[in-house]
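Trainee: Chain residues, written in single-letter form:
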Amino acid sequence: MMERELDHWLAALCEETITEEEMRVFEARLRADAGARAYYLRYMQMRALLEKFPPPAEDEEEIEAAVRAGGARGWRGAWWGYAAAACVAIGLTVAAQGAWVGSTGAGVGETAEYVGTLVFSEDCVWEMPDGALQEGQRLRKGRLHLGEGTAVVRFDGGAALVLTGETALELDSPGSGRLLFGEVVVRADEGAEGFVLATPESELVDLGTEFAVKVDSNGATELHVLEGEVALRGEQRGGEVIHAGKAVRLDKRAPVSKREVAMDADRFDDVVRRAKPRERRDLMWVYEGFQHEPAVYAAGDLDGGKGWAGPWRLRTEEEYGEGRADTSTDMRIVESKLNVTWPVKGGLLGMMEFGPGKNYRVRPLANRFDMGKHGIRYFSFMVREPAHRKFTPGDAREGMRLTFRSSEDYFGEALSFGWTHRMEPRIRTGDGRTFSSTAEYAPGQTIFCVGKVISRPHAEDEISFRMYAEGEELDFVEPQSWDVQARGLKQSAAYDLVLLSSEGEHARIFDEIRIGPSWRSVVPIKASGSEVE
Amino acid sequence: MTDQDRHDEFMGLFIDHQPRIYAYIRSLIPHKADADDVLQETAAVLWRKFDQFEKGTHFDRWAFRTAFHQVRYFRQKKARERLQFGDEILDVLAQEAEEHTEGLEDTQAALERCLGKLASEDRKFVAWRFAPGGTNRGIAKRIGKSESVVSRSMSRIYGSLMKCISLQLKFEGGAG
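Taken in sequence, the protein lines are chains A and B. Mind the numbering: the first sequence is residues 1 to 533 in the numbering used here, read in order. Mind the numbering: the second sequence is residues 1001 to 1176 in the numbering used here, read in order.
If you're looking for bench data, these hints aren't it; they were derived computationally from the structure. Using N, Cα and C, we set each Cβ at its ideal position, and we do this for glycine too. All clues stand as given, with none of them false.
With the C-beta cut set under 8 angstroms, the calculated list includes, among others, these residues of chain A facing chain B:
(1) Glu-3
(2) Arg-4
(3) Ala-11
(4) Arg-31
(5) Arg-47
(6) Ala-48
(7) Leu-49
(8) Pro-54
Build the full structure now, drawing on both the sequences and the hints.
Mentor: Following this line, the structure appears as structure tokens:
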């Protein structure tokens, strides 16, 4: 009973819900009772540990395995690793700027089974038992062996590594890796500080910076700090810091185990640029640019694009149910009604206008995508969201979404991407599960939307959605964070329909639907390809 | 000693002691964001006054003293915004917290084991709650329950963890 009361006060204290009266009683108790104080101190210590080194929401099987093996030792190493890295970052920042950079370090991903994503892959030859890796593919703990080409791996903690030429890299956790041999350039922007790259010679702790590492076949390590600072850890190297513009060679077998060498490394962007990254429209599976003359068409007349099994149509009676027919049956094509600030070919030609009211258009896909099988799909589309005030009670709900449905079970599983009436990005499923972002976008602008759907037969699906406001630069590679990600989903439907929905008192413009296997197959990139991130 | 050497020496010490310094501050400041601010200020003051630190003496005690001043200063600034304990109990807690943090590593090891023993649903809640930006409200939204339901669950989970940690430390004979 005593502990339950303390638990209540402590939780209320930390969550800022404690009342004045509770506070008074709690304090009196602490004054009088040494046992209560000890409990209080242990509780606060526990919170401090959880706050600074939060546990990952690991895959169930992995947790069970770790527990069976006698405790999740991997967590412990990782936690203290983050702690040390964060501390170094703190110290340096205080020293260099007299200001603080958050000590969150590399965040721990929620599905520890996966630790990163292959976000870019150009001319890559992978020397791995499983064969080629696909751009966009999620990466588990384990070894990557690149034979040739250029690849960018983004760890879930935020650090990005560009690998060039023959390179072997172990992915250990969302915030750490091990370079066995080869060359990488590491970039850890704000929020990803604390990334640890181990080499045969040392552990390198990124302090929110950019650095190149080369490991030769004997394990000797060269570190070239391009920006910021890197801390060396390991035997006799505790806390040693290498600053921007400096390069060192670490080799235990040499007469001098650490010596300065001349800087000789390219920046992250330059390395990627050398690979001549380009948009990959050629990989796109499905495209609809509504490239028709402006006019009102009959249902069944709009059959352009590629990757479709038939023209746009209205919903059938079975699909909309009694009394829920469309407000308008027009298939209206208009021109130049989007403000396209991205390099979207065809973005100013034809586009579909949805009139006021509730309007829905359906189109069958030539190849369904089966959520019961392993697959990675990206899609994008553009919408002109009309100028309307943000929702207040009593207003008509304005909204637009793109939904994947199955013709075999139209009202069964579904995946829907759009936004709430407050313009918060949202993912919804057929069984009513909703995942909303706290990000809000303004109405009265053209929005570019990108989504990613990873299906797995025996594990959780990963569904992500990101919106770009007018004028916002599109990411060159898949971004570190999405506006909203759906968790805990395991779908099995085979989606073969795309449904566009527009609801509210205002007309809306829709254009440029793309579906493909990678970010670059659905997101336009400037020809120069100079923007990474 | 060059500035760089001093700086590196400071960092080495700070790295070693930061978890204990944070745990100490957190024991005196009930809100995480406030504790982060105080830790930031403490780090800045420690660095500014590093000349006054006598090599070979206890960095942790010096850091705790500095942190305590920062805690008091912070409390004065926030006196009107926050419900807070009185100065008398704060002094007592500060004194005891200093000793208590000596067992931090043992507590962390125990916490890890105890997290492994939680039911998977509870473990998930803890991970969500302490992920960057995690709140009870966020969890409630995520699972479609009310915030008070989540608060009660979290309170129960913390209680289980506390019980488990105590048992673990007792069993191991660890400090804490």
